[in-house]
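Novice: Sequence:
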Amino acid sequence: MSKIRRFCTTLGAAGLVAMSAAAQAGVGASGCDDLSGIAETPMVDFQSQIQPIFDNSCTGCHGASGPAGLDLRPGESYGNLVGVISTTNTSRLRVEPFSPESSALFLAVNCDAPAGPGFRMQGTDAQQRALIRDWIAQGALAEPAGAPEPIAVPVDGHWARVLLTIMLLLTGLNLVRATRP
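Sequence positions in the sequence shown follow mature numbering (1 follows the signal peptide of the UniProt record, and there is no 0) and run -25 to -1, 1 to 156.
Heads up, some of the hints might be wrong.
[Unchecked claim] Estimated spans, in silico, between C-beta atoms of each pair:
(1) L139 / A101: 54 to 62 Å
(2) T65 / D8: 38 to 46 Å
(3) G147 / Q102: 56 to 64 Å
(4) T146 / M18: 35 to 43 Å
(5) S74 / E118: 17 to 25 Å
For the record, the hints were derived by calculation from the structure and aren't laboratory data.
From the three backbone atoms N, C-alpha and C, an ideal C-beta is built for every residue, glycine too.
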């Protein structure tokens, strides 16, 4: 009898865990705005386009001591979002790169019942929500793909003189070759 009771207790606990996970994941978010009519913004930049949305609409509640440990202030937000498990729905990431429909952040700003937090986060308009969608769909990069790499310029005067000397020598060799018959 003891083994049967232990088995039933274990089975019941496993069922509760499974139902809890299913309830958190939900069938999906509902009451979501259709943003398909808003054209994709190419190469969305996190610092100049996404962070200002957080600054203007989110950091009042999601600051240094934000709910669920979600600090969206500059310098903190990116690391607290991308690839981080949502505390309101542990079956989702806060931001899952390339997948806005699976990202708790996008669902929270775009859906009435986002399948995580129980309500839509207010303060963003459709253009801003589409920009968040595009940033996530493009990989949720800290800097946009295709951003030019900075060019390294020697700051040491010694190397600048060496390079200038080499350039002058090569130019001189070309002049000598050009004057030979």
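Novice: If a hint holds in the structure, say so; if it doesn't, say that too.
Specialist: Structure-based check of each hint:
1. A C-beta distance of roughly 56 Å is found between L139 and A101, which places it inside the suggested range of 54 to 62 Å.
2. The hint said 38 to 46 Å for the Cβ distance between T65 and D8, and at roughly 25 Å that hint is violated.
3. In this structure the supplied range 56 to 64 Å holds for G147 paired with Q102, their Cβ-Cβ distance being about 59 Å.
4. In this structure the hint that T146 and M18 lie 35 to 43 Å apart at CB holds, the actual value being about 40 Å.
5. The beta-carbon spacing between S74 and E118, approximately 20 Å, falls within the hinted interval of 17 to 25 Å.
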